[in-house]
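Make the full structure from the sequences, and use the hints.
If you read the protein sequences in the order shown, they are chains L and Z. Here our numbering is used: position 111 in the first sequence is 179, and no number is missing along the way. Here our numbering is used: position 171 in the second sequence is 196, and no number is missing along the way.
Since the hints were derived computationally from the structure, they do not count as laboratory data. There could be a bad hint or two in this list.
[Unchecked claim] Simulated restraints on C-beta separations: (1) W42/Z <-> F186/L: 31 to 39 Å; (2) W42/Z <-> A203/L: 53 to 61 Å; (3) E96/Z <-> W172/L: 21 to 29 Å; (4) L156/Z <-> S306/L: 21 to 29 Å; (5) P273/L <-> R240/Z: 26 to 34 Å; (6) G157/Z <-> P273/L: 27 to 35 Å; (7) L205/L <-> A121/Z: 46 to 54 Å; (8) E147/Z <-> G146/L: 54 to 62 Å; (9) S306/L <-> E192/Z: 47 to 55 Å; (10) F83/L <-> G157/Z: 45 to 53 Å; (11) I191/L <-> H47/Z: 39 to 47 Å; (12) R67/Z <-> Y174/L: 30 to 38 Å.
Beta carbons: idealized from backbone N, C-alpha and C, even for Gly.
Spelled out from the first residue to the last, the chains are:
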Amino acid sequence: MCDVAGNRNRVFEIFGIPSTALFGQLLIGLINGSFYALLSLGLAVIFGMLNIINFSHGAQYMLGAFVAYLLLQYSGLGYWPALIVAPLIVGITGVIVERLFLQWLYKLDHLYGLLLTFGLALIIEGVARNQFGSAGLPYTLPDSLRGGQNLGFMFLPNYRAWVIVASLTICIGTWFVIERTRLGANLRAATENPTLVRAFGINVPRMITLTYGFGVALAAFAGVMAAPIYNVSPQMGSELIIVVFAVVVIGGMGSILGAIVTGFGLGVIEGLTKVFFPEASNTVIFVIMAIVLLVRPAGLFGRRA
Amino acid sequence: MLDARTPLLTIDDLQAWYGESHILHGVKFDVHEGEVVTLLGRNGAGKTTTLKSIMGIVGHRTGSVRFEGREMIDSASEHIARAGIAFCPEERGVFASLSVEENLLLPPVVKPGGLSLDQVFELFPNLKERLGSSQGTKLSGGEQQMLAIGRILRTGARLLLLDEPTEGLAPVIIQQIGKTIRSLKEQGFTILLVEQNFRFASTVADRYYVMEHGRIIDQFANAELDANVEKLHDYLGV
Numbered sequence: 069m070c071d072v073a074g075n076r077n078r079v080f081e082i083f084g085i086p087s088t089a090l091f092g093q094l095l096i097g098l099i100n101g102s103f104y105a106l107l108s109l110g111l112a113v114i115f116g117m118l119n120i121i122n123f124s125h126g127a128q129y130m131l132g133a134f135v136a137y138l139l140l141q142y143s144g145l146g147y148w149p150a151l152i153v154a155p156l157i158v159g160i161t162g163v164i165v166e167r168l169f170l171q172w173l174y175k176l177d178h179l180y181g182l183l184l185t186f187g188l189a190l191i192i193e194g195v196a197r198n199q200f201g202s203a204g205l206p207y208t209l210p211d212s213l214r215g216g217q218n219l220g221f222m223f224l225p226n227y228r229a230w231v232i233v234a235s236l237t238i239c240i241g242t243w244f245v246i247e248r249t250r251l252g253a254n255l256r257a258a259t260e261n262p263t264l265v266r267a268f269g270i271n272v273p274r275m276i277t278l279t280y281g282f283g284v285a286l287a288a289f290a291g292v293m294a295a296p297i298y299n300v301s302p303q304m305g306s307e308l309i310i311v312v313f314a315v316v317v318i319g320g321m322g323s324i325l326g327a328i329v330t331g332f333g334l335g336v337i338e339g340l341t342k343v344f345f346p347e348a349s350n351t352v353i354f355v356i357m358a359i360v361l362l363v364r365p366a367g368l369f370g371r372r373a
Numbered sequence: 026m027l028d029a030r031t032p033l034l035t036i037d038d039l040q041a042w043y044g045e046s047h048i049l050h051g052v053k054f055d056v057h058e059g060e061v062v063t064l065l066g067r068n069g070a071g072k073t074t075t076l077k078s079i080m081g082i083v084g085h086r087t088g089s090v091r092f093e094g095r096e097m098i099d100s101a102s103e104h105i106a107r108a109g110i111a112f113c114p115e116e117r118g119v120f121a122s123l124s125v126e127e128n129l130l131l132p133p134v135v136k137p138g139g140l141s142l143d144q145v146f147e148l149f150p151n152l153k154e155r156l157g158s159s160q161g162t163k164l165s166g167g168e169q170q171m172l173a174i175g176r177i178l179r180t181g182a183r184l185l186l187l188d189e190p191t192e193g194l195a196p197v198i199i200q201q202i203g204k205t206i207r208s209l210k211e212q213g214f215t216i217l218l219v220e221q222n223f224r225f226a227s228t229v230a231d232r233y234y235v236m237e238h239g240r241i242i243d244q245f246a247n248a249e250l251d252a253n254v255e256k257l258h259d260y261l262g263v
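This is how it looks when you write it as structure tokens:
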């Protein structure tokens, strides 16, 4: 990506690595981290409130990308409206899934929620593969985000800068709402003791439904943002979700801040590994996960063991 | 509207279950507006379950719970709260992930006529000092109890269900809780109190019901307390 642009930049070396390669991988790391953070944030919100490990999160991310693609193909709705409409549509399907299926599982073991959402993921992916094939469909960049900036030491494509800024904004916004507002206080309290919160007159079941819808909408939002970077393909979610689950485990199940910080952090670590020790770049996150599980089983930001 | 003789709360043939275990076997009593009524009884007699059944937070319940003339037995817990009943659980239910202020502001106002924050602080000056504390559960036991009572006074609920508010507290704090309950009564709150400590109860209650094995087995007014002390010792095993 930076090869062409790199020629125009002053190249210097850091630990024997050309600066363009280093910054290029750092940027890719931040992009990946943006998606890790958005997806693990959604998982953390859902797990905190519903006690459900949402294995269909990857499929819902993929659905977001496909809805954006279909909106463009069949109703001419471009990237910017799709960024709002697709998460809304996928979020509503999430609300339906919660009302139809998930609400019956809260009192059961985690395993049942995991199996149900895993099954849903398989169905969603299978249907998508049947309809669209597995080759992947292109989604063109919005005109307003074409091109890029020459920062002097590297070339920064506008769209990638936008992805990082948008992801950070959504993550910090979500963190703020949960940790610093009345609504967030209700959510935190309902996570701790739903029965008592209900006995105060707060409609906890509705809050749970909307939380699931919101978490799923976050996944779909990430999917729309991913569409112009990666191909829109049925398996785009399942490839990513394994890493995202590792991120969630490292950050601590249910920890909002943990999901955000480890999402971005691990994206960057993964990017740097590609520069310094490429052979380990696919496994480094899982190695970190294993170490964290040994030293801090509740995760870096987890409160409960 | 209620006339003066209709009780604010009428419980009739209340039965409740936790899973397979049948806890309440036809509880029957009533509470009039402005009264402080105490449920006495040994551990496991069903006092807490009675409060939870009124609040709609036991697994399964049948019978009748009428509040302001409205049948509540099939209502969801949040609707019961919105009708104007507030619950302070035995374990206090102070939230660890919420600051003291967030804990205090958590229960939504369901009716007009609740206490203002300043009035809550008048009753519990300690709470005002601890308002900035980051974690509700870092308060002392007494402060947590004040927080648990204080937060439900804001909601405008007319009937307060207090489950053993003095449990595990120092005598000086118990006195303060007693003073608070008397002051709330003067302000027109109706209170249904669960207590093991009948010495404390005798400083606040108008009437008593005694529970055993999930039933009401006796009742008397505060004026009759002296005449019933012997019997009471028998019931409570003290």
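Going through the hints against the structure:
The hinted range of 31 to 39 Å is satisfied by W42/Z and F186/L, whose Cβ atoms lie roughly 34 Å apart. Between W42/Z and A203/L the Cβ separation comes to about 58 Å, which falls inside the hinted range of 53 to 61 Å. For the pair E96/Z and W172/L, the supplied restraint of 21 to 29 Å holds, since their beta-carbon distance comes to about 28 Å. For L156/Z and S306/L, the hinted distance range of 21 to 29 Å is not satisfied, since their beta carbons lie about 48 Å from each other.
At about 33 Å, the CB distance of P273/L to R240/Z agrees with the hint of 26 to 34 Å. Between G157/Z and P273/L the beta carbon distance is about 33 Å. The supplied range of 27 to 35 Å therefore holds. The given range of 46 to 54 Å is respected by L205/L and A121/Z, whose C-beta atoms sit roughly 48 Å from each other. For the pair E147/Z and G146/L, the supplied restraint of 54 to 62 Å holds, since their beta-carbon distance comes to about 59 Å.
Look at S306/L against E192/Z: about 52 Å separates their beta carbons, and that is inside 47 to 55 Å. Distance hint check: the CB atoms of F83/L and G157/Z are about 47 Å apart, consistent with the given range 45 to 53 Å. The hinted range of 39 to 47 Å is satisfied by I191/L and H47/Z, whose Cβ atoms lie roughly 43 Å apart. Under the hint 30 to 38 Å, the C-beta atoms of R67/Z and Y174/L, about 34 Å apart, fit the expected range.
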